[in-house]
Amino acid sequence: MNSTAVAAPRGSSSDLPAQSPPTARTTLATLVRRELWEHPALWRAPLVIAALLIGTMIIGVSMGGAHIGMDINEWEGGTSAERRAQAFAVSQLAPMFPLYLIMMLVLSFYLLDCLYAERKDRSILFWKSMPVSDGLTVLSKLLVALIVVPLGVLMLAAVCHVLLFLLWQIGVATGHAPAVLTWNTVIWFKVELVMFLCFLLGALWYAPVAAAFLLVSAWARRSPVMWVTLAPLVAMIVEWKLGTHYVASLLNYRTVGIWQVLGFGGGDKLEHHSLKAVLGDFHFAAAFTNLNLWLGVAATALLILATVRVRRYRDDT
Amino acid sequence: MTAIIEARGLSKRFGANVALDNVSFSIEPGRIVGLIGPNGAGKTTAIKAILGLTSFGGDLKVLGLDPRTQRDELMRDVCFMADVAVLPRWLRVAQALDYCEGVHPRFVRARAEEFLRKTDIRVNSRVRELSKGMVTQLHLALTLAIDARLLVLDEPTLGLDLLYRRAFYDTLLNDYFDKDRTILLTTHQVEEVENLFTDVIFVSRGRIALTSSVEELGGRYLQLTTAAERAAPARALKPFYEREVFGRVAMFFEGRTAAELSPLGDLRTPSIADLFVATMQGTMKT
Numbered sequence: 001m002n003s004t005a006v007a008a009p010r011g012s013s014s015d016l017p018a019q020s021p022p023t024a025r026t027t028l029a030t031l032v033r034r035e036l037w038e039h040p041a042l043w044r045a046p047l048v049i050a051a052l053l054i055g056t057m058i059i060g061v062s063m064g065g066a067h068i069g070m071d072i073n074e075w076e077g078g079t080s081a082e083r084r085a086q087a088f089a090v091s092q093l094a095p096m097f098p099l100y101l102i103m104m105l106v107l108s109f110y111l112l113d114c115l116y117a118e119r120k121d122r123s124i125l126f127w128k129s130m131p132v133s134d135g136l137t138v139l140s141k142l143l144v145a146l147i148v149v150p151l152g153v154l155m156l157a158a159v160c161h162v163l164l165f166l167l168w169q170i171g172v173a174t175g176h177a178p179a180v181l182t183w184n185t186v187i188w189f190k191v192e193l194v195m196f197l198c199f200l201l202g203a204l205w206y207a208p209v210a211a212a213f214l215l216v217s218a219w220a221r222r223s224p225v226m227w228v229t230l231a232p233l234v235a236m237i238v239e240w241k242l243g244t245h246y247v248a249s250l251l252n253y254r255t256v257g258i259w260q261v262l263g264f265g266g267g268d269k270l271e272h273h274s275l276k277a278v279l280g281d282f283h284f285a286a287a288f289t290n291l292n293l294w295l296g297v298a299a300t301a302l303l304i305l306a307t308v309r310v311r312r313y314r315d316d317t
Numbered sequence: 001m002t003a004i005i006e007a008r009g010l011s012k013r014f015g016a017n018v019a020l021d022n023v024s025f026s027i028e029p030g031r032i033v034g035l036i037g038p039n040g041a042g043k044t045t046a047i048k049a050i051l052g053l054t055s056f057g058g059d060l061k062v063l064g065l066d067p068r069t070q071r072d073e074l075m076r077d078v079c080f081m082a083d084v085a086v087l088p089r090w091l092r093v094a095q096a097l098d099y100c101e102g103v104h105p106r107f108v109r110a111r112a113e114e115f116l117r118k119t120d121i122r123v124n125s126r127v128r129e130l131s132k133g134m135v136t137q138l139h140l141a142l143t144l145a146i147d148a149r150l151l152v153l154d155e156p157t158l159g160l161d162l163l164y165r166r167a168f169y170d171t172l173l174n175d176y177f178d179k180d181r182t183i184l185l186t187t188h189q190v191e192e193v194e195n196l197f198t199d200v201i202f203v204s205r206g207r208i209a210l211t212s213s214v215e216e217l218g219g220r221y222l223q224l225t226t227a228a229e230r231a232a233p234a235r236a237l238k239p240f241y242e243r244e245v246f247g248r249v250a251m252f253f254e255g256r257t258a259a260e261l262s263p264l265g266d267l268r269t270p271s272i273a274d275l276f277v278a279t280m281q282g283t284m285k286t
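Quick note, the sequences are listed as chains C and G, same order. Residue 311 in my numbering is what sits at position 311 of the first sequence, and the numbering runs on without skipping anything. Residue 156 in my numbering is what sits at position 156 of the second sequence, and the numbering runs on without skipping anything.
Isolated chain C (complex conformation) (with noise of 0.2 Å):
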């Protein structure tokens, strides 16, 4: 009963502009940019890639793209619709592959980081001054690891596409390079929504890892870097010594397993088959159905649990 007369706001505060209150959906979003203000390597590398890919474009198309052009030129029958719509779609696909590349870098960089500095620094101590909560808190982290930073990728590689099909058709104008590619919308769609649903099998495939990275960074008192460098190193050698290889499988089949489900083959076979190959021979009913896929999200949750309750008791500032 006292706590409503207390908790009424006080009359020199009256003259000030008057602000709702943050509801839950604002309070993510804040930690979340937070996250990205903290860690602007999570969209600078991606950007910096993307920049490097459209200079090599540019140098390319005005030099003479002699490198670039060479793949498709050896093609048989490169100039048939089947072949320029597989050349379209792979040169959807290509600035993927950099881009996801240095993602899954920094990414990893920053689970293991995000809840070990706070501590080192102690600013934890003012985080947790907040009316935030340590599953927010963490969920925050995870969120921007499997969601926001990949999303952004992904559009960033949309856009990269788009003004590389650009600078290509210049070079093609300028006869620079050969006019292999023509812009196919019902392909674009196709490659967009094919990367879409790797995107998410991606999100839930790798959830376990990052929970796992997250729950090191929380716990660890040195270098969380070490931690999951070394650990599973130390564990492959012991298993060397014993003949089994247990560690290095599980290792493995977290890494690759679902795009083998999914039956990404090797690039070379993309000379060779169809546009089927490209876009229409994945399994993704077969992917998203997968029992171990749905364990490793069940461990996930754990992983995240055990994460908060270390983030919520820990005591090391």
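Be aware that one or more of the hints could be misleading.
Claimed, not checked - Stretches of chain C that chain G covers, calculated by requiring three or more beta carbons in the stretch to come under 8 Å of a beta carbon on chain G:
# : region
1 : 27 to 38
2 : 126 to 137
Claimed, not checked - The following residues of chain G were derived to be distant from chain C, with all beta-carbon distances above 10 Å:
# : residue
3 : Arg-89
4 : Leu-162
5 : Thr-226
6 : Ala-228
FYI, nobody ran anything at the bench for these hints, they're computed from the structure. All values reported here derive from a predicted model rather than from experimental measurement. Glycine included, every Cβ here is placed at the ideal spot set by N, Cα and C.
Since the structure of chain C is provided, determine the placement of chain G on it from the hints.
Quick look at chain G alone, frame taken from chain C:
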């Protein structure tokens, strides 16, 4: 349930080290309480318990909530400032404002901006570019803009020069404190802030050595100063602590009346700093 903080049998140990030994106290609303003790006395542990930042034994209610299980709810009404190092160095001033506004239902951005305008802090600066004093000003601006019921300050002016320290406490008293708010403050620099306190709690080795309101101190404690050669009759009244300076003896009494003591020398109410030293030295001996 009027107390802001109600602690019963608070205990915490780190291995063989007892940080809090069955501590009980209560803090009423509208008070400025000094939690005073030497290093390692258990002040910070007590504060961490109150803020739900550490585990502990015993019974503790803060604003009627258990900090162990209801921390998230509690932090809506509690503000906390540790020493100056805790604002992350990469944070920009504008980001700090955005952040607080985005997550804290009681944060009034305009009030923080108003306070910052009186300082040299620019909104696009990063914390790492600010001086120690300015970081504290920034943190204070964020803290004072939160309409909280309980403000907990743990050595907030540690490492600051006198001008910043003075300005800090002036701001706290003039712009923030009122009858609906409670402030719990730990500090080493007792002399500087003793006029601020309405209540003091002295802690020593995990126990409470003394707890009193400042108005009651005058009735309970007296300091008698007399020439060394005239000290014997006063000593017979059993001071709990005495100290000799330049041939004069200062003696500290508990529970004696002014009528008993005033014929024996100069009598006054001890300062909190002197009383603190006297209490600590007194308890150390026993």
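Consistency of the hints with the structure:
no. : hint       : result
1   : 27 to 38   : holds (count 8)
2   : 126 to 137 : holds (count 7)
3   : Arg-89     : 7 Å, violated
4   : Leu-162    : 25 Å, holds
5   : Thr-226    : 48 Å, holds
6   : Ala-228    : 48 Å, holds
Hint compliance for this structure: hint 3 alone is broken.
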